Amino acid sequence: MTDGTADPGFVSETEEAEATEEAEAAEEATVTLRVWRGDAAGGDLVDYTLPANEGEVVLDVVHRIQATLAPDLACRWNCKAGKCGSCSSEINGKPGLMCMTRVDELPEGPITVTPMRTFPILRDLVTDVSFNYEVAKRVPAFAPLPAGPEGYRMQQVDVERGQEFRKCIECFLCQDVCHVIRDHEDNKQHYAGPRFFIRLAELEMHPLDTNDRRELVRQRMGIGLCNITKCCTEVCPEHIKITDNAIIPLKERVVDSSYDPVAWLGRKILGRHKRTAEEAAAAAPH
Amino acid sequence: MNEYETHRYDVIVIGAGGAGLRAAVEAKSRGLSTAIVCKSLLGKAHTVMAEGGVAAAMGNVYSEDSWQVHFRDTMRGGKYLNHWRMAQLHAQEAPDRVHEMEAWGALFDRTPDGRINQRDFGGHRYARLAHVGDRTGLELIRTLQQKAVSMDIDVFMECKILRLLHDPSGAVAGAVGYRRPSGEVVVFEAKAVVLATGSIGRCYLYTSNSWESTGDGHAMAIWAGADVIEMECVQFHPTGMVWPLSVRGLLVTEGVRGDGGALKNSDGRRFMFDYIPEMFRAETAETEEEADAWYEDHANHRRTPDLLPRDEVARAINAEVKAGRGSPHGGVYLDIASRRSPEYIRRRLPSMYHQFLELAGVDITVEPMEVGPTCHYMMGGVRVDPETQAATVPGLFAAGEVAGGMHGANRLGGNSLSDLLVFGRRAGQGASDFAEANDRPPTVDVAQVDAVVSDALAPFGREGGDSPYAVHEELQATMQSLVGIIRTGSELSEALEKLDELRDRAAKVSVGGGREYNPGWNLATDLPSLLTVSTAVTQGALARRESRGAHTRDDFPSADPALGKVNFVQRQTDRRGFDAPIQIGPEPLPEMPPELRELLEEGH
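Quick mapping for you: the protein sequence lines, in order, are chains Y and L.
Per our numbering, residue 1 is the first one in the first sequence, and the count goes up by one each step.
Per our numbering, residue 1 is the first one in the second sequence, and the count goes up by one each step.
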């Protein structure tokens, strides 16, 4: 393994066997990680067995694999405390953060770790999540009312709705699990995904914001495609009630603005009109 | 010659934490072409880990508060080693910067009358930290990230900068690095460069810092010929997790104590009452009753010693554990369960609650936490002009943790988030002024780029060297045991010898695999910065023959008034780079005007 042409994703069987033998010789408990290794061209699951340590999370084991058996095993991480949302992957098939998943809470036997399936593979456990950063550019910015001489006054109860959504650590696990884009690549063109529904809901519910994004949410962000299966809520490591507190209220607001006959009549009489998606989108950088 | 992509900007900002984002927003708002270059994805920088809050004398909870009191607290906390002008600007401008965050979309917790709420923290006389539960850093980084995105600032994510580039006059004119996903080289030509690279925590074994905190900015500034100051002043936060071992060092916010938590030893004694230093005696409670009453009424009671500045608390915990009064896993107890209701704890400290429940299996509403000191923050850094954040090399600016001077020998909690907003903005202004005054397009020299790239790629072709992981582990063990919280001359000298040996080994590491997203190779390219900053920390610690703030010398246990008037300045004069020596010497601190000096004496 001395140059860039060597297969980057393979640990020789001898190395692996040695590690296993050493572990068994000491009669220690072991942990086996079955890690997907490869790149956009393809890859495979590779087993790594190490001595088990008390209280470890999956990311600790990945780090020990890097330090001993496979220094080039690619994985994203930063805070290792569930606060940055970098180490998202699928653990035994379930989307989760490697840094918050304890080994001793998983069923016995090999632990399978694979990259998030909804995004293109870069290498091993690292995926290209740029889709999310592109959607972020299409969200019209916060546009507050002017502040008073002493700054803004808002009540705690009014900021709490938005604060729930601002707990989001952008791990993109909700995007990963959302079948609208997980199983239908084409939908990425016109579907923002749960992470951005909570962002839009946060702005819609912000006590100071002046933008009306409802038409944008309906026409360009594709809220209608969500059929509230709540998978996103289930995987959210911050326990944000994405479906109940963001998506459903957003759907209701969109419905009210688009289809409520009383509201329609009111607009006719008062001569007010909704912002078009174009007008709302014009406030966004992209 | 290597192939590479080249980008030209007026201003590039290296680092996308709070300081970097705030600097980039400022430069872009001036109409300058601006780019942010960061090692991770946008929004993942270490600022997200900040928990307790942002310190600003807004006076929303205690109207007695003012910038003057904040200035005084900051200088006293820093044991007067701070640059007075930075501490002054910081205290004066922090409230505006917090209000600005709100206008950009941040949602801070509120007072009953609807203003921004403020919480108590160590060393601050009044409740002063604007906060969002215990995730204030996330709120700031997301607000700034969304602001930067709305301004269409170019962001080069997952891009590691290896070296700064200079033009023939010696001014900084760009930087060279590589894109981590592809391993391909990228060159930036810029009229001004802002360093906002954060901390050095990965030099230590037990740290609250992420993998990114390898001191890249500190090291690159040294290699560019800039001065760094106070590198010996490394903050060990008193309360990191100690168990399980895999999360040892992970931060437990000071907000736990700010919201009523108390430190106890294995006898159940609140030992902080035994460690009140003379400097803080007049303003610190002597009994548990007085300390507890203070939480409700600051005006008529003195503050709890649990909220002494971090250096004092960290040393006290260290001493309790050494005296055999520690917890089973080598820390002490931090108890909020017996002092506050479960509902209160879950509402005020939601992420602490989840962190302990999920990682340690401890319910902090029922049981005490086990905590101990962890390497947390770098007070030392690039010597900057307080107004512009300009380094001593033209074209180079620094803000946030990579800059030195603001916090002196010890930083108060809450002063880092305010630091990065105040001085991030000033660095953006300083860099913009410099770029605007300089109409020559930046020029970088191909030979410089080639030399840097060849060094970075060398580990691939090398056989028989150490693994970068092995060198890093030894470095961390060395710094932890020899240059840790309590230091002594002989051990510091031993550490310097060990660092020389590790430097030789780091220059010969071998790496397998390809250039695409290869963490082993990425670590190999972080080793030069880790070793340079470790050397500077150790040299500084050896030179400062006294105990002051976070820097504690067993062989010089008291503060030396003469050394309290100097900075230890380090720079590379003739030969520069990873393998060149760093010179060190004392230089006098800037003279404080009498009207500010008077503020320090008031109120005790």
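Please keep in mind that the hints were generated in silico from the structure rather than gathered at the bench.
Certain hints may be false.
With a Cα cut of at most 16 angstroms, we get these calculated EDC-like pairs of lysine to aspartate or glutamate [claimed, not checked]:
#1 Y:LYS137 with L:ASP152
#2 L:LYS498 with L:GLU463
#3 L:LYS508 with L:GLU463
#4 Y:LYS230 with Y:ASP244
#5 Y:LYS137 with L:ASP154
#6 Y:LYS188 with Y:GLU134
Everything numeric in this text was worked out from a predicted model, so none of it was measured.
These are the hints, each one checked on the structure:
As the CA atoms of LYS137 of chain Y and ASP152 of chain L are separated by approximately 8 angstroms, the hinted pair is consistent with the 16 angstroms bound. Using a Cα cut-off of 16 angstroms, the hinted pair LYS498 of chain L and GLU463 of chain L is violated, with the two alpha carbons roughly 23 angstroms apart. At roughly 9 angstroms between alpha-carbon atoms, LYS508 of chain L and GLU463 of chain L fall within 16 angstroms of each other, so this suggested pair holds. Distance restraint check for LYS230 of chain Y and ASP244 of chain Y: the Cα-Cα separation of roughly 8 angstroms lies within the 16 angstroms cut-off, and the hinted pair is therefore satisfied.
Under the criterion of a C-alpha separation no larger than 16 angstroms, the hint pairing LYS137 of chain Y with ASP154 of chain L is consistent with the structure, at around 12 angstroms. The hinted pair formed by LYS188 of chain Y and GLU134 of chain Y meets the criterion: a straight-line CA distance of about 10 angstroms does not exceed 16 angstroms.
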